[in-house]
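4 protein chains.
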Amino acid sequence: MKVGLLGAGRIGRIHGLNVVARPDAHLVAVADAMPDAAASLAAATGAKAVSADAILSDGSIDAVLICTPTDTHADLIEAAVSAGKAVFCEKPVDLDSARIRRCLVTVEKTGKPLMIGFNRRFDPNFAALESRLRAGEAGAIEIVSVISRDPSPPPVEYVKRSGGLFRDMMIHDFDMARFLLAEEPVEVFALGSALVDPAIGQAGDVDTAAVLMKTASGRIAQISNSRRATYGYDQRIEVHGSKGMLRAGNIHETTVESATGQGFRADPVQNFFLERYAAAYRAELDAFFTACKGGKAPTPSGLDGLKAQILADAATESSKTGKPVTVSLTEA
Amino acid sequence: MKVGLLGAGRIGRIHGLNVVARPDAHLVAVADAMPDAAASLAAATGAKAVSADAILSDGSIDAVLICTPTDTHADLIEAAVSAGKAVFCEKPVDLDSARIRRCLVTVEKTGKPLMIGFNRRFDPNFAALESRLRAGEAGAIEIVSVISRDPSPPPVEYVKRSGGLFRDMMIHDFDMARFLLAEEPVEVFALGSALVDPAIGQAGDVDTAAVLMKTASGRIAQISNSRRATYGYDQRIEVHGSKGMLRAGNIHETTVESATGQGFRADPVQNFFLERYAAAYRAELDAFFTACKGGKAPTPSGLDGLKAQILADAATESSKTGKPVTVSLTEA
Amino acid sequence: MKVGLLGAGRIGRIHGLNVVARPDAHLVAVADAMPDAAASLAAATGAKAVSADAILSDGSIDAVLICTPTDTHADLIEAAVSAGKAVFCEKPVDLDSARIRRCLVTVEKTGKPLMIGFNRRFDPNFAALESRLRAGEAGAIEIVSVISRDPSPPPVEYVKRSGGLFRDMMIHDFDMARFLLAEEPVEVFALGSALVDPAIGQAGDVDTAAVLMKTASGRIAQISNSRRATYGYDQRIEVHGSKGMLRAGNIHETTVESATGQGFRADPVQNFFLERYAAAYRAELDAFFTACKGGKAPTPSGLDGLKAQILADAATESSKTGKPVTVSLTEA
Amino acid sequence: MKVGLLGAGRIGRIHGLNVVARPDAHLVAVADAMPDAAASLAAATGAKAVSADAILSDGSIDAVLICTPTDTHADLIEAAVSAGKAVFCEKPVDLDSARIRRCLVTVEKTGKPLMIGFNRRFDPNFAALESRLRAGEAGAIEIVSVISRDPSPPPVEYVKRSGGLFRDMMIHDFDMARFLLAEEPVEVFALGSALVDPAIGQAGDVDTAAVLMKTASGRIAQISNSRRATYGYDQRIEVHGSKGMLRAGNIHETTVESATGQGFRADPVQNFFLERYAAAYRAELDAFFTACKGGKAPTPSGLDGLKAQILADAATESSKTGKPVTVSLTEA
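Chains as they are written, first to last, in UniProt numbering: chain A, 1 to 332; chain B, 1 to 332; chain C, 1 to 332; chain D, 1 to 332.
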């Protein structure tokens, strides 16, 4: 497959290099609003640096990877599927659920594959946990817990454009909760505070938050987020069920342990997502190309992207109103 | 100090034997509605089996330990302090907050010490964590997480009289959350389901539950409970703060680990509270007698008992109404 | 059973208090060359402080616990069994194997039970490992590894009288290796160095040592010792076999773990043997009294004491000559 | 740098693909006695499949990687350095120390760089441990322990040509012990048994072995090996010193942990060396190319290869004679 990459920033670079490493895909073109970024990645991968339009209008390109800023995602998805291309797009499709819905209608009409980059589903540890969960190892699912803490908060300027913590950061955890619960949440309650950086609070957002969700059959999900963790990028999941518990956790920088009069010391955990999820990014692209080649719809789908967004919207509202919010994802 | 024990059941027996092991306290009398229970413990400890009234009216007894059924606690506390005795009482004072308040007024009038048996504060691991938290090791407190899962659900008959999961089981976690937060919660939101035993649901209670609480300054507490955990009595706390994280966890039955083609296997965790909290029960009584001898008010106090009950009441209400409940513990 | 205690030092005190806690044994008399030590323990236990001779000649005493200095053990064992008493004696019977053999002949003639205090066999973790090993969980035994490190070296004056590291410290590990191997070693090779304290080297002893042993069928045991470990009392065993591995390790002071920019930190391990082996000392006495009451020979026996001593003698010789030493324990 | 690869088997393939991933090296030619192996790797890397002679006589090739069978190593090293090429050679240079010495004389005369593939030094965990050890974190080194267990024994036909366990398998651990001890061993004592596969014993080799070594200043190293571990490829190192302990261990297949009535279960450890040491192989080649480009002699050197071989020879002799063997590596 011939592949075009839209966006040559940090995450675009990861995907571009991962395409190069695949025997079944050929990265032919890279576009970025910053010409230097495109040129640099093109040089490293053997692709050409071109404009986004050139990629979209190049009939020989089978698939595009969209790694541009969020506010361009929906337009680019629509343009790409309309041009007959398979699309992999970084989360989220848009910060506005209505816009996502319109975009998905367009995608549906074209019948082209769209996959959303919820990379954590492809982490080998989390994927193994989910697979064992599905095989019944924990029995009936009762409580899903997701802990997600970034090493340090983003700049306030980023925060202001981000759609808020629930849409920007916790959206990954909403997707993970759905992935693990295997049943849609029907109710969302959220609490948030600005404890890490007062400027984040002044910008109207929170940096510390927790959510409770419940499904129709009574399964419970709890999520907590912080924009700062001194010991690294904290990424943990745990599922409690009728037969037992399954959990998967962090990866330390090395396995070295020291023991002295101060006790036993292990390394901080891997920091940050490029390192922690390196294998997940590879597996994610593998799933995309495998689905496209096999003529199957890739997962997570655009609808998965919409559902996570609806949960993030509900949490944002709950956090502001102080009241739980009812959602109806099965009709989304 | 001469000590009388009211209630010679499972927990009364623990406390009675712990009194015997102390050089500064002498267990002189044991009472129980079941004469055999009293006689058996009396024989094991060298105390006399007598009636509760005999203990309360014996002027030579300095302190009483109340380990009777919950519905007798408030009356016995009032009778004991009125008789001039220091009182240690198992949680809760009563299932009705109004009754607790009246009881505490009586206690206040007598000026006698009253300590409530929130044993987990005295677990050496949790106590060390709290002490290091207070010393600033995690910095400013941001998220307190408490996980508490019993090995197996109690009989439905017990559940019916228990006041419900939030008052019967999660009350320990409300106290732990207050102990760790170092600031009173102002809002409580609870979700509950009957997933473990349908009969518990038919009895109007839940067996799986989660709570979110927030303090005035924005600190967040999350608690989750299950009435069943196949791998033992699951008791974990974790505090995330500006400087890092402190957590304390379970104790496995032994340190033995096996490794085979199926992987590495460690023992289940200690099961159940008599084993897991054996050291906590000893340290708890030590705190009681040390406070009494030093003329200081013991902690956790009757007021701590009331505050945990108010949180449990709020969670019960939230779970039923589906709405968060505002509480005002500083005025309790 | 009525029990007399010879020796009211650190370890005698442990055993004395453990007797008091048993319903089936009554500590009636305590003797010590230091009258204050005897009086203090007598006061704490309700026993009488008397002379050793008084204990040995008191026909009502069924069992004696010998916790005196090593050079008195053999004489006291002989006197006690000759006086018709069951004997529990701290390791070793004597630093001289020939003296041990003579002592065991006397014991044999009287037919009285003699148990040697290799407490580590009774550690609940090590005992569980051995039991699972015997049940075949690791398959055929191939490599037994024992690591034993004291927190800090003893005074040189103690070292001079101790018989040397192999007889004083590693003797416990020789017994543990025999316990786990389930086949007698036939060859011993030892290396030792004075790396911790030069004065120990000047006194002709070593403070850091390692041993390799082999059994007739080819099983291998490796032991290493250090007289100093900054992180606590390091006590680990591991058995590798045809079906897998079983290991049991240290117990940290608490389960608290902190995470900061410096990484994840757990407590040092329990320090020292009185704390680490508290449960083992209780279980050891339980085995002694249970065997005596049941009319069975207690284990580890005097012969076990002799065999460990023979291995320690062989290691001492190997360390000095630089050559492996052949031993024949099956004929011991 | 232009690179030629001799040997396109399992390990040659790893190195070949790692060269391709480097921006500073270009894999131009691959040779293998099995034409299909060479052709397959050539196709995957864009290199040409040619004869070994063609690589050695191609003046444009700067460096060769030798991944052929052991009995060809010394000849190929000599031919390659004589042809002016930098050489990376898989361990060992030869099974005969005298042949290694002659080869190193030839290398020395040409002045060309030679690096030996002791890959474990480059494992990120072991490298970090060594670096922290060198920085003094454990203080003065006292006891070095290396445990190395393969998942399953090789075919007996392989064993017969292998030079024996000490030269074929434990040679890695001899190198690791030297790497960590930072002082040459002067004495070697070895025990070996055939416990895993009787056919290995009939072939005159052992499959289970342990070694003790001592340095001039009294540092102790203990190594143990098994040709079989049911739970994966067991690779552990531990260094005990005056200030504490440093250890580094295995990597489990995933971080998933389950908890049920049978206890807590983690995955087996990574199996086998291609997976466990994937990062080490990359870092190893990086060290080789970095040294070559910087005009520095790469490490581990041919002399390191010789010294590990001398220790393996000594262990083989000790295992056969039952006596310790003195070695003099500083004069090697």
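If you are wondering where the hints come from, they were derived from the structure by calculation, not from laboratory data. Incorrect hints may appear among the rest.
Stated by the list, open to error - Label-pair ranges, simulated between beta-carbon atoms:
hint, chain 1, residue 1, chain 2, residue 2, range
1, D, G204, C, L274, 42 to 52 Å
2, B, G249, D, G136, 29 to 39 Å
3, B, A297, C, D53, 51 to 61 Å
4, C, A140, A, A297, 45 to 55 Å
Said to hold, decoys possible - With a Cα cut of at most 30 Å, we get these calculated DSSO-like pairs of lysine-lysine:
hint, chain 1, residue 1, chain 2, residue 2
5, C, K160, D, K243
6, B, K48, C, K323
7, C, K243, D, K320
8, C, K323, D, K48
9, B, K48, A, K320
10, C, K323, D, K293
11, A, K323, B, K320
12, B, K320, A, K243
13, A, K320, B, K323
14, C, K2, C, K91
15, D, K323, A, K48
16, A, K2, D, K48
17, D, K91, D, K293
Claimed, not checked - Residues of chain C placed beyond 12 Å of chain D at every Cβ, according to the derived structure:
hint, residue
18, T72
19, E78
20, P154
21, S224
22, S242
23, F273
24, A287
25, G294
Glycine is no exception: its CB is placed at the ideal position from the N, C-alpha and C atoms.
Against the structure, the hints come out as follows:
Look at D:G204 against C:L274: about 51 Å separates their beta carbons, and that is inside 42 to 52 Å. The hinted range of 29 to 39 Å is satisfied by B:G249 and D:G136, whose Cβ atoms lie roughly 33 Å apart. At roughly 54 Å, the beta-carbon separation of B:A297 and C:D53 lies within the given 51 to 61 Å, and the hint holds. For C:A140 and A:A297, the hinted distance range of 45 to 55 Å is satisfied, since their beta carbons lie about 53 Å from each other.
Note on C:K160 and D:K243: the hinted pairing holds, with a Cα-Cα distance of about 25 Å set against a maximum of 30 Å. A hinted pair counts as satisfied when its Cα atoms are at most 30 Å apart, and B:K48 with C:K323 does not qualify at roughly 68 Å. Between the alpha carbons of C:K243 and D:K320 the distance comes to roughly 28 Å, so the proposed pair stays at or under 30 Å and holds. Using a Cα cut-off of 30 Å, the hinted pair C:K323 and D:K48 is violated, with the two alpha carbons roughly 57 Å apart.
The straight-line distance between the Cα atoms of B:K48 and A:K320 is roughly 62 Å, outside the 30 Å bound, and the hint therefore fails. Taking the CA atoms of C:K323 and D:K293, the gap is near 49 Å; set against the 30 Å cutoff, the hint is violated. For the given pair, A:K323 sits about 14 Å from B:K320 by alpha-carbon distance, which is consistent with the 30 Å threshold. This hinted pair checks out: B:K320 and A:K243 have alpha carbons roughly 28 Å apart, not beyond 30 Å.
Of the pairs offered as hints, the one joining A:K320 and B:K323 holds, with about 14 Å between alpha carbons and a cut-off of 30 Å not exceeded. With a C-alpha separation of about 22 Å, the suggested pair C:K2 and C:K91 falls inside the 30 Å cut-off, and the hint holds. Pair hint D:K323 plus A:K48 does not hold up; C-alpha atoms about 68 Å apart against a cutoff of 30 Å. Taking the CA atoms of A:K2 and D:K48, the gap is near 26 Å; set against the 30 Å cutoff, the hint holds.
A hinted pair counts as satisfied when its Cα atoms are at most 30 Å apart, and D:K91 with D:K293 qualifies at roughly 22 Å. Listed as a non-interface residue, C:T72 keeps its Cβ farther than 12 Å from every Cβ of chain D; the least gap is roughly 35 Å. Every CB of chain D is more than 12 Å from the CB of C:E78 (nearest about 39 Å), matching its label as outside the interface. Here C:P154 stays apart from chain D, with its beta-carbon at least about 17 Å from theirs, past the 12 Å limit.
With 12 Å as the threshold on Cβ separation, the claim that C:S224 sits away from chain D is violated: the shortest Cβ distance comes to roughly 6 Å. At roughly 7 Å, the least C-beta separation between C:S242 and chain D is not larger than 12 Å, which violates its mark as non-interface. Every C-beta of chain D lies more than 12 Å from that of C:F273, the closest at about 19 Å, which supports listing it as non-interface. Against the 12 Å criterion, C:A287 stays outside the reach of chain D, whose nearest CB is about 26 Å from its own CB.
Distance to chain D confirms C:G294 as a non-interface residue, since its nearest Cβ pair spans about 32 Å, more than 12 Å.
Consistency with the previously given hints fails for numbers 6, 8, 9, 10, 15, 21, 22, ordered from lowest to highest.
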